[in-house]
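Enquirer: Sequence:
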Amino acid sequence: MFDAKLFSELIKRAQGKRSLNEYARNSGVSSAYISKLRNMVATTAPSPVIIRKLADNTKDVSYAEMMTVAGHIPVEETSKKLGEKMLELEKMKKHYTDTLVVETTNDILSVFKDKGQINEKELQNTLRDLADKVKNMYSR
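Residue numbers (the numbering used here): 8 to 147.
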């Protein structure tokens, strides 16, 4: 469902510091229509084609965000995609955290081993404890 008030806020963010006429020129959408959207006079959502033009001329608002607020993309679908993306990011975070811990542990182990300053077994136990703490910190 089209949320005129929220869409108005998106248009204001998309316009940024540019004048209404400048934003209209850049996007290829009439300034009168953008003004109607900004002032919540438009009672129906802009078409996906118009939204593409408006979104392509800003870095502050995404096409998906405008499409969702306009009611062209169901909120449930957006939430599902967001959930999938967050799960993917969590997996990536875990992978990179594990990789970083292993690489850092190996680097530290080789430095101390080369200098003969610490018992290797003692160092491995200390680093394992440190690695567990780092993993726990990033898994929250």
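Derived by calculation from the structure, the hints in this document are not laboratory data. Misleading hints may appear alongside valid ones.
[As the list claims (entries may be wrong)] Here are the computed lysine to aspartate or glutamate pairs in the DMTMM-like style, where the Cα-Cα straight-line distance is at most 25 Å: (1) K60 / E72; (2) K12 / E29; (3) K142 / E72; (4) K140 / E110; (5) K66 / E95; (6) K12 / E95; (7) K43 / E72; (8) K24 / D10; (9) K24 / E95; (10) K128 / E110; (11) K43 / D67.
[Claimed, not checked] DEER-style ranges, computed between Cβ atoms: (12) L96 / K19: 40 to 50 Å; (13) K98 / N132: 45 to 55 Å; (14) K142 / N28: 51 to 61 Å; (15) E129 / D67: 51 to 61 Å; (16) S69 / S42: 40 to 50 Å; (17) S117 / R59: 52 to 62 Å; (18) R32 / K12: 23 to 33 Å; (19) N143 / K12: 56 to 66 Å; (20) E16 / L94: 51 to 61 Å; (21) N33 / E110: 20 to 30 Å; (22) D63 / Q131: 34 to 44 Å; (23) S117 / E16: 53 to 63 Å.
Fair warning: this is a prediction, and the values are worked out from it, not measured in the lab. Note that the Cβ used here is the ideal one computed from N, Cα and C, for glycine as well.
Enquirer: Work down the list of hints and note, for each, if the structure agrees.
Expert: Here is what the structure says about each hint:
A threshold of 25 Å between alpha carbons decides the hint, and for K60 with E72 the separation of about 14 Å falls inside it, so the pair holds. As the CA atoms of K12 and E29 are separated by approximately 22 Å, the hinted pair is consistent with the 25 Å bound. As the CA atoms of K142 and E72 are separated by approximately 34 Å, the hinted pair breaks the 25 Å bound. Only pairs whose Cα atoms come within 25 Å are accepted, and K140 paired with E110 is accepted, the gap being roughly 16 Å.
Distance hint between K66 and E95 is fulfilled; the C-alpha atoms sit about 24 Å from each other, no more than 25 Å. A hinted pair counts as satisfied when its Cα atoms are at most 25 Å apart, and K12 with E95 does not qualify at roughly 32 Å. The suggested pairing of K43 with E72 holds, with an alpha-carbon distance near 19 Å, which does not exceed 25 Å. Restraint check: the Cα-Cα separation between K24 and D10 comes to about 23 Å, which is no more than 25 Å; the hinted pair holds.
For the suggested pair K24 and E95, the alpha carbons sit about 35 Å apart, so the restraint of at most 25 Å is broken. Distance check on the hinted pair: K128 and E110 sit about 18 Å apart at the alpha-carbon level, within 25 Å; holds. With a CA separation close to 20 Å, the supplied pair K43 and D67 stays within the 25 Å bound. Here the CB-CB span from L96 to K19 is close to 29 Å, at odds with the stated 40 to 50 Å.
Remark: the range hint 45 to 55 Å for K98 to N132 is contradicted by a beta-carbon distance near 29 Å. For K142 paired with N28, a C-beta distance near 54 Å keeps the hint of 51 to 61 Å intact. Taken as a hint, the range 51 to 61 Å holds for the pair E129 and D67, whose Cβ atoms sit roughly 53 Å apart. In this structure the hint that S69 and S42 lie 40 to 50 Å apart at CB is violated, the actual value being about 22 Å.
For S117 and R59, the Cβ-Cβ distance of about 54 Å falls inside the hinted range of 52 to 62 Å, so the restraint holds. For the pair R32 and K12, the supplied restraint of 23 to 33 Å holds, since their beta-carbon distance comes to about 26 Å. Range check, N143 to K12: about 43 Å between beta-carbon atoms, so the 56 to 66 Å window is missed. Hint check: E16 to L94, Cβ distance near 29 Å, so the stated range 51 to 61 Å is violated.
One distance hint, 20 to 30 Å for the beta-carbon pair N33 and E110, is violated here, with the actual separation near 46 Å. Taken as a hint, the range 34 to 44 Å is violated for the pair D63 and Q131, whose Cβ atoms sit roughly 54 Å apart. About 54 Å separates the C-beta atoms of S117 and E16, a value consistent with the hinted range of 53 to 63 Å.
Checked against the numbered hints given earlier, this structure breaks hints 3, 6, 9, 12, 13, 16, 19, 20, 21 and 22; the rest are met.
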